[in-house]
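Peer 1: Each chain, letter by letter, is given below.
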Amino acid sequence: MRFAFTEDQLFFRDAVRDLLDKECGPDVVRGAWPAGPAGAGARSPAARVEAVWSRLADMGALAVALPAVGDGLGLGPLDWVLLAEETGYAALPHPFVETACVAAPLGVAAGRVATDLAGAVVPFAAGADTFLLRRGGELVTVAAAEAQVSPVAAVDGALAAARVQAGTTGGRVVAANEDVERAFDRGVLGTAAQLVGLSQRMLDLTVAYVRERRQFGVPVGSFQAVKHRLADALVHLSFARPAVHRAAWSITHDRPERGRDTSMAKAMASDAAREVGAAALQCHGAIGYTVEYDLHLYLKRSWALAAAWGDAGWHRDRVGHAIGV
Amino acid sequence: MNVVVCVKQIPDPADPGALEEDHTLKRTGKLILDESDSFGVEMALQLVDKAGGGDVTLVSMAPNDETSGLRTALAMGAAKAVLVSDPALAGAGALDTAKVLAAAIGRVEGADLILAATESSDGYTGTVPEQIAGVLDLPSITFAKHVEVADGTVSVQRQTELGYDQCESPLPAVVSVTAGVVEPRYPSFKGIMAAKSKPVDQVTVADLGIDASAVGAAGAGQQIVEVTPAPERQAGEIIEDDGEAHLKIIDFLDGLKVL
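Chains as they are written, first to last, in this note's numbering: chain E, 1 to 325; chain H, 1 to 259.
The reader is advised that the hints may include incorrect statements.
No farther apart than 25 Å at their CA atoms in a straight line, the calculated lysine-lysine pairs in the PhoX-like style are these [as the list claims (entries may be wrong)]: (1) H:190 to E:22; (2) H:190 to H:50; (3) H:30 to H:198; (4) H:145 to E:22; (5) H:50 to H:80; (6) H:30 to E:22; (7) H:198 to H:50; (8) H:196 to H:30; (9) H:190 to H:30.
No lab work stands behind these hints: they were computed from the structure.
For clarity, every value in this text was computed on a predicted model and none was experimentally measured.
Chain E on its own, in the form it takes in the complex (with noise of 0.2 Å):
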């Protein structure tokens, strides 16, 4: 058994790592919020904002698990985990997991989707084409203007979270019984992924932050608390993240377990992204409560993700369920 990626995974991530890189830095991310106070900082334009998805379109990234007809590629969720990983790196404020990761393998190609499977409250619902509801025992596409909106004022500025409300007939049914499970466990995984790639964010501005503030004539990460304080972070992630990649796995594979593997994977990510969000702030001391510095963009939105899609506690009792205690 082989447990590492391909090296066309490897590139993948690569190529999508280097675009949001350059394209989607903290000024997008803030773009991407609302004008006034809270987005207040350092903000591009929306056309810049907007150039992120379209990027994302020509590269491919968006058809990596669309069936392989014209543009998509067919591939699995081993394939497109490293890149949800770094969506949620960048905090992309686009629907990613929504569109590539769970409505696109049901043959869904038709824009931005939002869908209300992560809960009531429906992520990047402002901005959709389309929305992915459930209904039934089933799951329909609506096209944007047959629903009715009713924006949701959320943790994170950049979700453009609302309610979303169809008639009972119409839409097109894309999935039933176990492919709307699926579905769901697809979203779960790809959000656990972005929840580790936010942690890693937390991190690695934390990390570089301790070792340019100085006080006492140090740096305040040669301070024991601070240090030990940030190992523990790390640790949680490190626990984190293979149970994604695992989780990956099942899912790929179609495994009888996928389900337990899948909640194990987003109950970690979403303990992990508290604790080191926690300790991220903390160690950023007073400038990490300051809006116009970029890291409440991510602990925001790590907030709002650990939420979605089933919290820790709802995925544990899965779990427990699953095995039986």
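Once you have looked at the hints, place chain H on chain E.
Peer 2: For chain H alone, kept in the frame of chain E given last:
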């Protein structure tokens, strides 16, 4: 039209670099495409597109058989690559690099134009493109910001301090491209998958008919005697504002000749 692009695979500048005992850069880990070369690759792809046919061929050299940097450029759309890979090349200087690349370019049939970056991001000698032209006895134009090819002639806007010179040369010619003058495309996923099966002609210096003792550390004719870290940034001057501080700032800027 066939364009050859000289590219260099370098250690990732994002990672802290390390030096070997002989003070040369450690190149043992993964190497990436030098970003300054991506402009030449993009320009070559655009020229071939515009000409309506032909290939972009990469030419590179490395002390080990690393190809991941080449793969990035192949994924962008280059058709094939020649990689001179030989341990004898470790510690190569600019002139022997030029000799080896010139010999490798000789393996590419029907090269109309040879592009290179102005300088690499790890060595910064900035002399290799002109040396290649010298070895091949070809005309050379440096610091290109815009390149057009028509009727066997290359027209180049050559960047200068004040603007640009308009230069022309018959083909084949060697042109070095200034960084930032085109926007390199991102490799597509389909390009990444296709790049795996593109031919990489891997050769040694012996295959090129070059004596191994004439290249690398042995043939460089120069030696790095000592390396010292860059001096730490000094603290700036602090001016107490007694109501006249703006005058001191103006003096400071005047001293820098920015006013």
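Peer 1: Could you run down the list of hints and mark each one as holding or not?
Peer 2: Here's how the hints hold up against the structure:
Distance restraint check for residue 190 of chain H and residue 22 of chain E: the Cα-Cα separation of roughly 21 Å lies within the 25 Å cut-off, and the hinted pair is therefore satisfied. Annotation: proposed proximity of residue 190 of chain H to residue 50 of chain H holds, straight-line Cα distance about 22 Å (limit 25 Å). Annotation: proposed proximity of residue 30 of chain H to residue 198 of chain H holds, straight-line Cα distance about 20 Å (limit 25 Å). For the suggested pair residue 145 of chain H and residue 22 of chain E, the alpha carbons sit about 22 Å apart, so the restraint of at most 25 Å is met.
As the CA atoms of residue 50 of chain H and residue 80 of chain H are separated by approximately 19 Å, the hinted pair is consistent with the 25 Å bound. Annotation: proposed proximity of residue 30 of chain H to residue 22 of chain E holds, straight-line Cα distance about 21 Å (limit 25 Å). Distance check on the hinted pair: residue 198 of chain H and residue 50 of chain H sit about 22 Å apart at the alpha-carbon level, within 25 Å; holds. For the suggested pair residue 196 of chain H and residue 30 of chain H, the alpha carbons sit about 17 Å apart, so the restraint of at most 25 Å is met.
The straight-line distance between the Cα atoms of residue 190 of chain H and residue 30 of chain H is roughly 23 Å, inside the 25 Å bound, and the hint therefore holds.
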